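So the sequences go chain by chain: A and B.
Using the numbering used here, count along the first sequence one by one with no gaps and you end on 296.
Using the numbering used here, count along the second sequence one by one with no gaps and you end on 799.
Any given hint might turn out to be false.
[Claimed, not checked] Simulated restraints on C-beta separations:
id, chain 1, residue 1, chain 2, residue 2, range
1, B, R415, A, L9, 51 to 59 Å
2, A, Q228, B, P621, 38 to 46 Å
3, A, Q228, B, D426, 24 to 32 Å
4, B, R362, A, A175, 19 to 27 Å
5, B, Q784, A, Q228, 39 to 47 Å
6, B, A561, A, S8, 39 to 47 Å
I should point out that these hints are in silico values taken from the structure, not numbers from a laboratory.
Treat the numbers as computed from the prediction; the structure is a model and nothing was measured.
Cβ coordinates follow ideal geometry from the N, Cα and C atoms, glycine included.
Here is what each chain is made of, one letter per residue.
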Amino acid sequence: MGEILNISLIWSAVRLSTPLVLAALGGMFAERAGVINIALEGMMLAGAFTAAAVTYTTGSPWIGLTAGVAAGLAIAWVHAVASIRYRADQVVTGTAINILMIGVPGFLSGALFLSSGSTPQIPKEHLVPWTPIVMAFAAVPISWYVLYRTPFGLRLRAVGENPEAADAAGIRVAAVRYIGVLLSGAFAALGGAYLSIGQSSLFTRNMTSGRGFIALAALIFGKWRPVQTMFACLFFGFTEAITIRMQGVVKLPSGEDIPVQFIQMVPYLLTIVVLAGFIGHSRPPRALGRPYQKER
Amino acid sequence: MIELRNISKRFGAVQANDHVSIKVEPGTIHAIVGENGAGKSTAMRIAYGFYTADAGEILIDGQVRRIGSPQDAIALGIGMVHQHFMLVDTMTVADNIVLGAEPGSPLSLDLQEADIRIRALSAEFRLSVDPHARIEDLSVGQQQRVELLKALYRKARLLILDEPTAVLTPQEVEEFFGILRGMRKQGKTIVIITHKLAEVLALSDDVTVMRDGKVVGRVETKETSAAELARLMVGRDVLLHVHKPEAKPGAQVLGVRNLSVKTAAGAKPVDNVTFEVRAGEIVGVAGVEGNGQTELVEALAGLVDPLRVSGDVDLEGQSLSGMNPRRRRERGIAHIPEDRHRRGLLLEFALTENAILGVHYRRPITMLPGDAVLDDGEIRRRTVDIIKRFDVRPPNPDLPARALSGGNQQKLVIGREFELNPKLLLVSQPTRGVDIGAIEFIHDKLVKLRDGGCAVLLVSAELEEVMSLSDRLLILHKGRIAGEVNPQVATAAEVGLLMTRGH
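Model the full structure from these sequences, guided by the hints.
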């Protein structure tokens, strides 16, 4: 067991939880405003692909990160317009975005790089292995401050709890919700970008592999609060780190290796267990998923 | 202060406001009365910028102003307290009051400044409330004070109050009126929307009466009477008091012994309640809403999971425990639920379908062996009969229930339940959201049913209703019976005290 539990395990947990922290904080801004963001996965993919493609093309990870965030904003804008302005079912819209984002990067990489599914390898010196980690963990206290210590945060929370009351208090409900959803796109895309130009060095097809959904689970687990959500993300990052190390190390009593696929299932199983155990105790914003329409 | 001139507003086929003109003098309390659907709330929601008028103009201090949103209204010094409070339950009093008008900079919310200003306003207008308390922990009366503070914090000079007393106990109403009079003294102008004529006469300076979207009268309070206002509201003379002969109670019909209802969370909304209802009497249940009335009636109707109910309930000596609603209905229990939209009707279904709910499975509604098919002719005959006897308008059995006004929906539900010839009628909030004219009708029907020998258990949040209709009155407080009074001799104040203090 000593091979598995050591300092470098904690460090790898931090790295693995970074995209989760970013996506979950993003989800928090949308959902605290009352808009379900099941599209975190798709927004991460958009960020991951765009960041990798632009970084490869320009040679600058900063331009890549910026472009990734812009892609996330664009996707978020679609989600916002559909669910706020046209009052579409937020789960359906989000799912559509997720499905779309499985296909679009492959299509674009085929057109741009003549390879279906992935972008070319980015040279090591053009990667940003540290900055997104710092940004993610700095964003936690900043998000806390914004949510609980600024007028904007108060309005965001009010809009997610009781949009009628917010409207009566003179708050522009739709505008606040737009900001919430756009912030979620920016954060989630940043998390995705870290996957492609931080942790690895290229975009591969569906490289988020469900991290957007795990971030969503962490958000619920963390009761839609920034600090608790961060710890939930660290928990999921930690289990992922352990499972990576367990592969080929932990053996069945018969001496055979446990099939890798089984070990890889662990984070997802934990997600289900944790959600099943906590979902009743964690109260979502009261207006979550409910479009707001003024009577006219 | 504010003047509405020829305001018109249409919602689909309904002309909610038709050339409505209302003038409110500064420093007065102005009552707007009218039945449900008369357009009072619509007019005031236009003044607050929630709706935009199709035509007409609004003048503030003599100048024409455009009010396109609540922000505009707030900027012009208008505040509104809605019938359903516009508060965020999970936040504190201070958060709710400053929301949208936060002190401090955009980068930092100054909660201390908020605290100081809220305390100053509390003191000035005698609206004591703890700024740090959470809304969900406050009583309804306290929440109302938060709403008033919210408006005052935004420097409202004109306060529009939509049915403010509907949720208050008699004592709270008195206190509330004191607060409003104090505000008038300090120069505020108040518009109060209500349908309670006694309150209009006790509080207001002027009255505007609305009916069917139009203003039908404007009078000075000291020169009018309840009878005149009621006549203006309804368009004909109305009996404001229930006329009922002496009750002649017979044998016990409903026996309730040590009945308790537990929630999944472990609370006990009904706690060890014992009482009886005899044939030919109306037993009323008074209490502040949320003191177990809903759970009590639903337990008797069989709508609560039997595992959560303990104690004995019997009908004519036979135990009902464990029986589902259908079997209870077959034994002779009818139920007029408090929320007709939730428990009473299928709004999208036609009147014919709604008229047979609960008897849809048996003769004479069904035909062929096995009750396999609905007998359309019989259903229609029954529906037309209910429509006729209970004056349901419009008298078209094929309309969806949604197309009817609240009062007519209620009459359909009442008619359906009366068709069962019940031995026991459970009736909750029989006149909620019902017009004065229909109230009179419903009250009369309930008394007639009683005189026919039915046992009636009546729950109502309207103290006046429950006191004038009941032959005996139980007061429920925190799920327990806090007392029984004779409503003929008890005063509203006595009952109000039992409702709030419980002894």
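Hint check results:
| no. | hint | result |
| --- | --- | --- |
| 1 | R415(B) <-> L9(A): 51 to 59 Å | holds, 53 Å |
| 2 | Q228(A) <-> P621(B): 38 to 46 Å | holds, 43 Å |
| 3 | Q228(A) <-> D426(B): 24 to 32 Å | holds, 27 Å |
| 4 | R362(B) <-> A175(A): 19 to 27 Å | holds, 20 Å |
| 5 | Q784(B) <-> Q228(A): 39 to 47 Å | violated, 59 Å |
| 6 | A561(B) <-> S8(A): 39 to 47 Å | holds, 46 Å |
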